[in-house]
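Residue numbers (this note's numbering), protein chains in the order written: chain A, 1 to 319; chain B, 1 to 671; chain C, 1 to 512; chain D, 1 to 219.
No wet-lab data here; the hints were simulated from the structure.
Since the model is a prediction, treat every value here as computed from it, not as a measurement.
Heads up, a few of these hints could be off.
Claimed, not checked - Incomplete in silico selection of chain B near chain D, CB under 8 Å:
#1 His470
#2 Gly473
#3 His652
#4 Leu655
#5 Leu664
#6 Leu666
#7 Ala668
#8 Thr670
Ideal Cβ placement from N, Cα and C applies to all residues, glycine included.
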Amino acid sequence: MNTLTVPGLLAVQVVGALALTPILIGVMRQTRARLEGRAGGGVTQPWRDVRKLLAKEPLQAAGTGPMLSATPLLLITSSLVVCALVPLVGTASLATVPDDLFVVVSVLLLGTVALALLGLESGTAFGGMGSSRHMTIAALVEPTVLVAVYALSIPVGTSALSAIVAARVQDPASVVSPVGLLAVVALGIAVLAETGRLPVDNPSTHLELTMVHEAMVLESSGRDLAWLEVGSWLRLTALLGLLVNLAIPWGVATTLSLSAVLLGVAAIVVKLLVAGMLVAAGEVFLAKLRLFRVPELLAGSFVLAFLAVTASFLIGGAP
Amino acid sequence: MSGVSAGIATQLVLAAVALVAATLAPARMRSHVAGAACAGLGVAGAVTGLVAMSGGNPGAGLQIPVTLPLGLPLEPLLLAPDRLGGVFLALAGAVAAVTAVYGIGYATGPAASRSGWAAFAVFILGMQLVPAASDVVSFLVAWETMAIGSTVLLLADHGARSEVVRATQWYAVMTHASFLLLLAGFAVLVAETGGTSFATIAAAGVSGTSASVAFVLLLGGFATKAGLVPVHVWLPRAHPEAPSHVSAAMSAAMVKMGVYGVLLAALRLLPQGPAWWAGLLLVLALASALYGILQASVATDLKRLLAYSTTENVGLILVAVAVALLLRGAGDEPVADVALTAALLLTVSHAAFKTVLFLGAGAILHATGERDLDRLGGLAAVMPTTSLTFGVAALGAAALPVTSGFAAEWVLLQSLIHGDGRDDVALAILLPITVAIVALTAGLALLTFVKAYGIAFLARPRSPAAEHGHEGGRSMRAAMLLGAAAVVGLGLAPGPVAAGLAEAVGASGIEVVGVLGVSLPAVDALLDPVALILLAAIVLAPVVVVHLAAARRAPRRDVDLAWGCGGVRVSPRMQYTATSYAEPLVRVFDDALQPSRDVEVSHADESRYLVSQVRFRQRVTDLVADRAYEPIVRATLGIGEGARRIQNGSIHRYLGFSFTALVLVLLAVTW
Amino acid sequence: MTALIWIPLLLPVIVGGASWWRRADGWTRGADLAVAVVALGVGIALLTAVHATGPITAATGALRADALSAWLLLTIGTVAVTALWGGLPTRAARTAPDGRYTALICLFLAAMSLAVLSDNLGILWVAIEATTIATAFLVGHHQSPRSLEAAWKYVVLGSVGVAIAFLGIVLLYASTVAAGTPTLSWVQLAEGGLSLDPDLTRIAVALAVLGFATKAGLAPMHSWLPDAHSQAPAPVSGLMSGVLLSVALYAILRIQAIGDATLGPQFLRGLLLAGGLLSLAVAAAMILAQRDYKRMLAYSSIEHMGIMALGVAIGGPLATAAVLLHMLGHGLVKAAMFVVAGRILAAGGTTRTADVTGLLTRRPDLARALLAGTAALLGFPPFVLFFTEVAIVVAGWQAGLGWAMGIALFLLLVVFAGLARHVSAMTLGPPVTVDPPVAAAPGQDHGAHPLPVDSHTAPLPTPWREPATEPAAKHRQAPVLIALAAAAILGLMASPLAAQLREAAAVLAGAR
Amino acid sequence: MSDALFSQLLATTTGLLLVTAVVQVWRYSLSASIRVLAVQGAALGALVAVLGIERGDAEVLVVAVLVLAMKAVAIPWALSRTATATGAVREQAPLVNPTAALLAATALTVLAYVAGLPIVAVLEGPAASAVPVGLALVLIGFLVLLTRRSALAQLIGFVVLDNGIATTAFLTSGGVPFVVELGVTLDVLLVVLILRVLTSRLQSAHGGIDLDELTELRD
């Protein structure tokens, strides 16, 4: 009995993600703090924050409706489902719920929409502002994401992420192929935008002019806020994980054998932490873009993705 | 007499009943009687459609023994929907039934007058006869019946608002243009084949130039009805002005007759068309999808927003059709079938959610008298049912799980990314563009409907009218719930629906999997919403446990302000409005939308350094209408004015005309 | 049988003479209607008789009724009944009877009947010229400067045109003389048996068609039409628009048959195509910026004549049958429309489109009739014009005239836009009401009365008389409704007439 | 009579017809025009008579008398009465000046000859060769209609046009059948009378018979 079932693997992914996420965030914040010459709150600070928030009672401001309490659960559900679906540890997937790209994306968007509605619910100027910006970015990101993965899916002939990753594990050449590179870079930018990192959004600011995500959750408190935070962290984990697995597929478990899974877990943990540090380090040297410059960035990434597709058609990435 | 013909006969009878009811019933109970009759008519249509859809014997139908009065060598009128027709008949019937029920409670004033209900009955009948017609003449008759009915309905409020008349003029002219184009197109086909029944035309297999001429003419006609860019201009004018149950029927069902027409032309009458037909269609459809949603995302008039989103959705539907044709041309049958199925799924799903959305908009109008999002808000508290149904429908429009919109768009994308462009340069260029535009459209749709729902129902009322909103009557709520149920139902059970629809267009390789999921072996993809929900429930369970535990320890606390800090609650006018919500987007697409902004700064009397108030107004108009249509209209009227000089009253000039004619004729004969 | 032919010729003359003689008697008021009813009856009788026994001749062949003539007689009767019935004054608006008016109408009817029943081209010409004479006084009946002007233009332009037609007939006769068989009998000419000289025939036929085209109101010889039709009393306008034009077109049909027998169809086709398209273009352009609703109706008649001319140009059983049915349908609707227009004039005292607003609120009865009639004129189902237009277009494409059909359809769209614009402006929207000035007495648009308001100098906005104070409010709607209903029923249920139509078309096709 | 004499007379009468027509274009004093019209009517009558004698056809002679009575006497008489009644003896200048009108008349005559060629070709004989004169009369009559301001002058133009048709009729075929001819003559007479009545009514309504007044009805 040294193999897992598919549900088992998914469980591992979900639990693992839940456990790892705060650490990842902590590592990123700590790296950044150190590079900026601050002491930083330590790697486990996010853990403590979440525990504290879960303990505190949430406030319901007058005139706000059900979204205030519904959104956090919706968001975290969507994030968890995504974590379960995307191939983080292994490339196996349920028969009835394949990790189909479009399903994953729309589940993510469900969370996005919930957040945006929360922002409007508050009935304040900030909430609406954040919501509006958030949706604008999301709308502009979607083409990049779809087209990029479309490019990656062409050689494999399916839109199932696990199949794509598996294929890249099988044939390392495709990893360094121009198509692959273009697509991954494009996807990378999209992920940064989707998860609200610099240069698109600064997660650690509360400056009216710049904040997007924070503006929406401004009115939330207590466990509502906790779920919101965890939910958005999980998004980061899942998407970053997917990205690194597409970029550096090695170590991903293609079988369900215990050893393979363990190796996969170790691989993803290492990859994520390294990636996290890199992102954080990068953010130190990046300034946030003006909101109205963001479309240019996204357009750029979209062009890359588009080139990737046409390339894979015309230069022929025959399977 | 087969089931189908019985069904059609029933519809004719019921229509007559509805007419009688509308004209004879006393005003007090007119809406109930006539509405019920119309609903019955709709149901009859839906049932007939389903029967016809499930095959039966094609060609069987009600043969009306009218050899046309002309001793024409035309074949007799035949009302016999084929399977494709059945789909649209069922769709039109269902929408008609729901909207009629809604109308019982909603219709007031002119809309509830004799002519109002009579026109509604005529409109529904025409709409249901279009897909039933299976020869040119009866098709055109049904088409025009539909046009007349809708025009009269559009006029309901003509006495109150002058825009109604303007909108109707636009609608009438565009509709007539579409009819004339169809007449021309069919005339070409009839002239080629010498028969008027679709069977004859299809059997003759027209090809070559005349086929292309016919196709382009027909496409023009149907596109106008379907509201494709650039012939969409009537849509954003007509839909807002019509009574809401009428807008719902128009947008959800009537517009689809344009889609049906395209399918009729491309699949039944003129199969084996050259690739450029599909290319042309694809370009138009993509343009419509993008332009439509762009306009919708910046619109602040709720019904105008919905109208533009109709253009977008029709665009998507026809994208699917065009891709299907392209792939078929490239010999990629299996994927083409998937695309075709996607087209029908999109059609059905749009019918479902757009009905609810328009009915919801009607409920809002009914309750607050407002269509302008900037003056709405906080309706969720006062209109729970409407809020719920509108929300569900909005999810559908945004193509989010687990609604009909999601399933449909999923199938579409599957067919798109599996189209093989490796050995076909055209496909290699077109498919990525298509995917990109569809994706962008989906993204913008997301924003649009978050805006529509969030601004209208969440937050705090932006006007006293919105504050005093109230729920509509029972029939209105019932209709909306019915529609919302359809949206979710279709979303949960895409499998059987897709299979049935695929059956109807003879598309193979669409299978039901799992509980109600759909599987596309051709592109090995699979979608089982029920399973997805189960998964979500499983992962949610522990979270809920923790949540409840925490809730017991620290219950929710009601406060006046989340961020008190001694501050006071800001007035609702500080909230984001629909306009400001779309502002970033307007900036991003500044070139495409060309908004007109004007800022008036009025200074305080004391000093011009003190600003007393700043007015900011931003209008986004329809560029196509402004740049393309207005000049034409102006030019035509100019010609009319100029022509008046011909008839200047001088008998000498008149004699001159005759004289010239005489001389010319003499010259002509001598030469 | 032959008596049937004589009735519609002699009865009107007798009645007309009588009512001229006893012009002050009350019975003259409805006498013309009675004559019309008889004409209708005879038309139906002849149609069935001819259907049963083939053509009927009288007066040693000078008079001849074949299916085509019978059909036209039917049309004349139908339209006349509609127009005259609708033109009857209400009891409230009765005034001293004027037998001369009745007499002229009778003469007019007799002339038209003679035109369609004569086999001799010469007599046909005389009859058509006689219609000009009869209608001249009817147009000028109001004796207002405007109606005199209209009458003058009508007579001059009309007679000159018809004179050209006579020149054509003369030359045709000459060619028969040259061929050694001098005759003007249509039957002989259309057989094509006698070998006419093509060149001579070409000139003759061209001139004849040109001349009759003037009477048929085809551009560019249409100029008299809007004036005459807008100034004549409503019933007369209805008769002229509804059937006089058709009778002229009937003459063209006969001539065409002769021409085709000798020259083949191509020659006249060009001429008629040009005429038809030009008429459509003129009508479209003039309707766009039209300010007077009676003139608008007149131009719509030009439009429909253009359509029919196209149908004639196309030829062949389908198009010809369609044209004949179009004649009937258009006659019915147009007569009804002129009746309605007359009542709007009587109610509003103005013919300016701009002065009639919110009719649907003020006078729903008139507005509904107007809207329905417009729908019929624009060729919406179930009205018959829908089917005829469809048939003509299809036939046109079959005849390889796709380009012409394309142009025609475009022009039809313009016409639609124009008519829709004006009619919606008249009927829809809130009414602009002002107090009626004391001066304007309620005026009847029945023949025996001068127009109360000089339409173009009417004060702005309308001195609109509200229905309560307005006698015409109690007008009978029956004639209008019946006419429109008939036009609608014809559309779907005309299959009983199909056989007769086919025969009527075959009369000409036989010559081809 | 001898062919020479016949063609001589033919030439004279037709020539007279043409000349009178041209004079109509040239002179625009009403009284003069009416007199010229009478002459033309006489010429037409003479032509018919000549044809009748040549054919030895009594019916045609009757027609000739009829024509003479109407065209040379009745109509001019009626016209002059109206003229004196309306006091419109002298008409103001026509729309186009006489020179241009005369040139136009020439051009039309040429056109008439060209258009007449096939007719001449088909029906041989001296009579046929004169047919173009008839056509020319028609066109010139039309020209007069076109260029004259006064209602009466237009009436005259119409009569000239009608004379042209009659000329053509008689030259080509010795006239259409008698019944028709009767009808035609009657019709023309009626038309002229109607126009006369209308003229006087115009006179009373507009205080003049200047057609430029008649531009009330326009778009």
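Now for the hints, and whether the structure bears them out:
Taken as an interface hint, His470/B does not check out: its beta carbon lies about 55 Å from the nearest beta carbon of chain D, beyond 8 Å. Because the beta carbon of Gly473/B sits about 53 Å from the nearest beta carbon in chain D, more than 8 Å, this interface hint is broken. Because the smallest distance between the Cβ of His652/B and any Cβ of chain D comes to about 6 Å, under 8 Å, the interface hint for this residue holds. For Leu655/B, the shortest C-beta to C-beta distance to chain D is roughly 5 Å, which falls under 8 Å, so the interface hint holds.
Violation of the interface hint for Leu664/B is found here, the shortest Cβ-Cβ separation to chain D being roughly 11 Å, above the 8 Å cut-off. The beta carbon of Leu666/B comes within 5 Å of a beta carbon in chain D, closer than 8 Å, and the hint placing it at the interface holds. At about 10 Å, the closest approach between the beta carbon of Ala668/B and any beta carbon in chain D exceeds 8 Å, and the interface hint on this residue is violated. Evaluation of the Thr670/B hint against chain D yields a held restraint, the C-beta minimum of about 5 Å falling below 8 Å.
The structure is inconsistent with the numbered hints 1, 2, 5, 7, although it conforms to all the rest.
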